[in-house]
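Residue numbers (the UniProt record's numbering), protein chains in the order written: chain E, 1 to 247; chain R, 1 to 305.
Be aware that one or more of the hints could be misleading.
Said to hold, decoys possible - Not everything, but these chain R residues come out facing chain E in the computed CB check (under 7 Å):
#1 Leu151
#2 Gly152
#3 Lys159
#4 Leu166
#5 Asp167
#6 Glu169
#7 Met170
#8 Ala173
#9 Leu176
#10 Asp221
#11 Arg222
#12 Leu223
#13 Gly224
Said to hold, decoys possible - With the Cβ distance kept under 10 Å, some of the chain R side facing chain E (calculated, not the full set):
#14 Arg42
#15 Ala45
#16 Asp49
#17 Cys165
#18 Ser171
#19 Met174
#20 Gly175
#21 Arg217
#22 Met226
Derived by calculation from the structure, the hints in this document are not laboratory data.
Just so it is clear, CB atoms sit at the ideal spot from N, CA and C, and this is done for glycine as well.
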Amino acid sequence: MRALDVEGLDVDLGGRPVLRDIRLHLDRGELVGLLGPNGAGKTTLLRAILALTRTRGGTVTVEGKPVRPGRSEIGYVPQRHEFTWDFPISVDQAVMSGRTGRIGLLRRPGVADWRAVGDALDRVQLTGLRHRPVGELSGGQRQRVLVARALALAPRTLLLDEPFTGLDMPTQELLGDLFTSLAAEDRAVLMTTHDLVAAVDSCTRLVLLNGRIIADGRPVDLQDAEPWTKTFGVSHTSPLLKLVRAT
Amino acid sequence: MSITDFLTDLLNPDLAFLPKALAIAVMSSIVCGVVGCYVVLRGMAFIGDAVAHAVFPGVAVAFVLQGSLVLGGAVAGVATALLIAVFSQNRRVKEDSIIGVFLVGAFALGIVIISQAPGYAGSLQQFLFGSITGIPDRDLYVVGGAGLVILGLVLALHKEFVAVCLDREMSRAMGLSVFWLDIVLYVLVTLAVVISLQTIGNILVLALLITPAAAARLLTDRLGLMMLLAPLIGGASAVVGLYLSWSYDTPVGGTIVLVATVVFLAAWLFAPRHGLLTRRWGRPGVPGAGDDANSSPCPALSPTT
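With the rest of the complex left out, here is chain R (with noise of 0.2 Å):
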């Protein structure tokens, strides 16, 4: 299907759903990519998967009970996070072992309580992977809303955040509240997953908050750069996705994740100071040429100049 043939698709009153799966596509994918940031420089991806798979519960209640999903799912995501925070504490059972416990359990229970409503498979199928038909109007507020808050979060706490990524210990000698800090972010990567939830599906929906992040770490050293530039990809992975879904019917969720996919390793391939062929061309018998910003290959992109 060519592009214009899209854009009229676009624009056909009668596939309303298809502009409404775009905007929240690309909403989710901006803020997801934010967010991701964080996640991907403290190593937390992990929390982000546990919190991606503790939605499961509140999305099958709210289903069960014809609420809002988002809704559903952001209540049983946030509780989760608090649970993972504070259980955490106790030392003697490290964090990664908790996160895993409360992820299989949360999403056990969603399977319980999801198998008590009538004809879930089909639905199951949507939540795991996502979907674009049948997103309400009301989801387009509600993921624009939210989507603001978290931007607006994020700008707020941008410099307590990064201090805390930076050094806990010295951040808490500052008077900062490390665990309250933890606490919002923890909040702030469940908000990004549910709205990203209706698209992409519950076991995809964590590539789209690492996979971006990670590829924009690769092409810069900058972090205000990284942030601009994760949601960049995070966005255009969306559009150029729901483009070769809808061109070649296949699944919108799945094929969002592989073009971001593919970004991350062309990044990994041909980031100006560190993708692998870029260093390996940099520094044809002069040693230490591809560390060097001035001696890099294509110097008009390198961070550093």
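Here chain E stands alone, though its shape is the one from the complex (with noise of 0.2 Å):
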């Protein structure tokens, strides 16, 4: 059974179509890079994928069932700024509160939601800060907190909008591993991201999207200058192609 599964969806958004016939399979043990300019349909397609936006046809399915937002296995990192970081909690309570629709109404967590907690901060490495409050932390910390948040819920499908963008090259490296060895641990790992060096490094797969998918392949088969002139719409001798090693 595929951990994720996109059969033609599409989507329009404010009455004009954004996604076109999208097909996109992941399986477990796979980090792929969705890639694609800035208006390409990246975030509609994460949202989409989650249930947030309603898609005009298609299916999508995750573990061989169709998702609803609160009830399937799949875990969501979200970009940086949609969380309000003056807010005052500390970096285990922010990380609990991913947990919060599983927990259910009127009810407390319990020691299996802490132990879930302490498992999440482990796996990012931010035992030693888990009760520094979130506004004191670097970019690239926050980053982790918002993994750490939708790891608490254990889930076999990731799905990461723009982790990289705004942070260093040290910060990108460490986070590229951590998400390269959550993708070996048996989780099938999707990633939106504008950085294409890291994309093409550390991703098995790569998908090109621009309204629709123009190419799905291993880096090593993305050699060919077309498909990514064609999503970036850009000319032959932009220095693009170099950073992905394309001619």
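Two chains, two separate frames, one set of hints: put the complex together.
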């Protein structure tokens, strides 16, 4: 069974077509980079997978079942600016907030919940900072808080939206290693990014998206210039091609 | 007037309205302090302001019909809160404009209604600036009961409110109903405002919601502590404010709000980690000293130690 299966997905926003005929499969163990220019529909695709936006047609299944918010084995790491970082809350409580839906109304976090939070913090190496207010963290630490919050639900599929944006190279490298090992632990990881170098370097597969899927393959199989120029709308002499080592 | 004189007056059966006013002021400050924490953290002070103004037509109708002012205000306030929540789903006009429209519209409706009542000038002033006399016994129970319901709902939905404050998108992905949680929060703000109207008045009630919570935010980086400090600051301001108002014959609502404002300014200057002066004293020559809990000038008060 596929971890994530998207078939013939069409999405309109405000009456305009944004995504057409999206076909995308993810198996566990894969780290897939979703690449495309601004406005290509990357975030919309993630939101459609999470059933957060209305779709026009097509199906999305996770572990063979249609996605229902709060019920599916799927973890979401939104862009960092979606989170209210000046909120007076500690790292471990912020991670616990990811389990709010699962704990359910009128219930308090129990032993199992705190254990899940502890495991998630261990996994992203934030255990030492667990009592720190989130507002005092660096960009890389904040990104790891959001990853831990998603991991607190122990999902088999993980969706990451622009995890590298605004971070320096060493931090990106650390996070890239983290995502690689998360995928290696029998998870399917899909991440959108503008960081082509990091994507080519660490992803097992790349998906080029611009309204529809232009190419889908291993980085070594995407060394033709054409899908890249088509996706990003750049010329054949663009430095972008040098970045991704395509000719 | 000395504190003993104030206590004697409180116990004087001829001045029975005084302990009633004190009880209502303290109860409403506590409830407003707790609810105000969400208002401050979500940056929805304007909604609080809108709701405060929106209860006015309901209060006016209740006044004209000789009904319960608290009940009338609650109905009008909740109706407006729902209208704002529904209308702001349309993203063409931004939420703050919607709030602006309903805030002034409701207040205007209130003024038109109350102008139909004979001798409205005096009662208008009471609505706007609060009064400690003429509180019926019934209102004591209404305010106490409503306060308990509000605090109970806050306790029950706290973790959901926090999740929505932190990250709306993630909350939706977790299957929380963000729309309904917003509505419940608006209604809680409305009820907190309505039960405070009597003593504080329509214009000043916003301060009871915002000022203690904002002061508490300056004092701590922990939400739990903030939600204890805010009602404490509000309640203390109510007691001190009522005492000063009784002693110097100043308007009660204004005096309570001024006391709370002084507490806020003090917190802004002297808060253990984020205060303007504490920060300055904390770093003579040592860069970033005030940022570190261990070198904070008052480590015992520092929230992370």
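Which hints, by number, does the structure contradict? 1, 2, 13, 15 and 16
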